[in-house]
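Asker: Chains as they are written, first to last, in our numbering: chain A, 1 to 253; chain B, 1001 to 1270.
Treat the hints as calculated values from the structure; they're not laboratory data.
Among the hints, a few may not be true.
Mimicking DSS-like on lysine-lysine, the simulated pairs with C-alpha atoms at most 27 Å apart in a straight line are [stated by the list, open to error]:
| id | chain 1 | residue 1 | chain 2 | residue 2 |
| --- | --- | --- | --- | --- |
| 1 | B | Lys-1020 | B | Lys-1060 |
| 2 | A | Lys-251 | B | Lys-1020 |
| 3 | A | Lys-250 | B | Lys-1060 |
| 4 | A | Lys-165 | A | Lys-251 |
| 5 | A | Lys-165 | B | Lys-1020 |
| 6 | A | Lys-165 | B | Lys-1182 |
| 7 | B | Lys-1182 | B | Lys-1226 |
| 8 | A | Lys-251 | B | Lys-1060 |
| 9 | B | Lys-1020 | A | Lys-250 |
| 10 | A | Lys-250 | A | Lys-165 |
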Amino acid sequence: MSAYFVSDTNVLLGRSLRHITRSMDTIITTTLMPIAFLLLFVYVFGGAINTGSESYVSYLLPGILVITIASGISYTALRLFQDMQGGIFARFQSMPIARSAMLWSHVLTSLVANMVAVIVVVLVAFAIGFRSGAGVLAWLAVAGILLLLTLALTWIAVIPGLTAKSIDGASAFAYPLIFLPFISSAFVPTDTMPGPLAWFAENQPVTSIVNTLRNLLEQQPVGADIWIALAWCVGILVVAYAVAMAAYRKKTA
Amino acid sequence: MATSTTQAAIAVAGLEKSYKDVHVLRGVDFEVERGSIFALLGSNGAGKTTIVNILSTLLKHDGGAAAVNGFDVASAAGDVRESISLTGQFAAVDEILTGRENLVLVARLRHLPNPGEIADGLLERFSLTEAGGRRTSTYSGGMRRRLDIAMSLIGNPPVIFLDEPTTGLDPEARLEVWGAVKDLAGAGTTVMLTTQTLDEAEHLADRIAILHEGRIIVNGTLAELKALLPPAKVEYVEKQPTLEDVYFAIVGGGAGGAGKGAATNREELS
Ligand SMILES: Nc1ncnc2c1ncn2[C@@H]1O[C@H](COP(=O)(O)OP(=O)(O)OP(=O)(O)O)[C@@H](O)[C@H]1O
Ligand SMILES: [Mg+2]
């Protein structure tokens, strides 16, 4: 039956992409909050924040992109939850469809939707003065890291999507993820924070990811940060995938 | 697919299932002959949906055995899925897609060569051609149910499960569904349906089983079930007992669930 994995996933991907194109509001609301943060920090707080870099927009953008993805993946949890509730999940489960095609179609949809949202936010940043002299390779590396991060966070989103008892529960998990960039190097350098907070900020995943993205875009050497960032992403991905698959097996048992 | 025609289409023996501390199925036994229509009756919460879900591989049982089209539901779930189609108790259609897109989706997932034609044929058959291009979120409950059933017919699986297929349908739509069910059985498909309306079982089913307190307490043809009523009672009511009478005579107690008609019939009986 796994002979059909690719074609089944493809058919189901077409279905959920159609869900997105028919409710573009989900992409718009995904980008609204990060764009609001971007404007708020650049025009309201930016003047008072000293990051040591030339342009605060450029300093800020990587963190804003992480927030974009963190808020975007909550739609995956929501869509999965709705499929479970509506009974369409049961219908697919009773059909001879490759077992995990259903989950992968939602995950791939999340990658597409989040990349669209990321592009929208980057365009807004350009409009308000973000510039980068980064070459094609650096941009590809940025895209690769963002995709990997989206993949890892989406598998986290699959867990509440499968197990939540209510629609609020299915989306509430995203709030801590959206909040995490605030206690990192995303908005201000960590060395201005008090001891324990600085330690947390230095060692949580967002800081290494944001630093890597920023260095790539500013044509600076990425140092060890890129390996720490990749390790975090792969680690989160592996753990979230395992937990999500276990929840999926339990649901279908 | 290796299936033998001598085997029953559905064979259930000693089936047990508990949800935490609720022991819902306590040894359910029945067989369904190929090409026949089998109706499972039972009050709310009797466990009808539980049985259907186990047979369609959505739920694992705790004890006993169940086979569909000759395949064990636990050890050959993939083959069972190739053999069945399920219309669950609550309509399972994609709200954001149109009716036609829903049908095409299922046809493509069943790897059929001409999804568009199949979709158009079914829209026509279930009087949905006009509504076919609209999103199903704009459908009435009955239209949604008809689409739901149409989706289950795609691919002509040998066994079809219908969990309360006509709940919420108007009389005309109900007749349409009954017609579809009879056509299916006529073409050799085995149909197992659950229902609350005894009338429906009377009209459709070759065999009727009543699920009560976790077991099948009667299983027979309509005539066999009617013969279970003591003859004296039959004279007293001066008419052929309906299946409803049989049901309440056997199940006893006001377990509820069969609606208003039940009370009056019971009065006639006692
Ligand atoms: N997931 C579940 N967790 C706990 N209990 C459940 C679960 N699903 C069903 N039950 C219980 O199992 C019993 C049988 O439920 P089931 O849905 O099979 O009944 P049914 O005969 O289909 O009823 P109805 O006619 O109302 O559809 C009920 O008491 C129900 O509360
Ligand atoms: Mg039920």
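Asker: Are the hints correct? Go through all of them and say.
Answerer: Checked hints:
1. B:Lys-1020 / B:Lys-1060: It holds: about 13 Å lies between the C-alpha atoms, which stays within 27 Å.
2. A:Lys-251 / B:Lys-1020: 15 Å, holds
3. A:Lys-250 / B:Lys-1060: 10 Å, holds
4. A:Lys-165 / A:Lys-251: 13 Å, holds
5. A:Lys-165 / B:Lys-1020: 17 Å, holds
6. A:Lys-165 / B:Lys-1182: At roughly 39 Å apart (the allowed maximum being 27 Å), Lys-1182 (chain B) and Lys-165 (chain A) break the hint.
7. B:Lys-1182 / B:Lys-1226: Holds, at about 22 Å.
8. A:Lys-251 / B:Lys-1060: 10 Å, holds
9. B:Lys-1020 / A:Lys-250: The hint holds at about 15 Å.
10. A:Lys-250 / A:Lys-165: Within the cut-off at roughly 15 Å; holds.
In summary, the structure is inconsistent with hint 6 from the numbered list given earlier, while agreeing with all the others.
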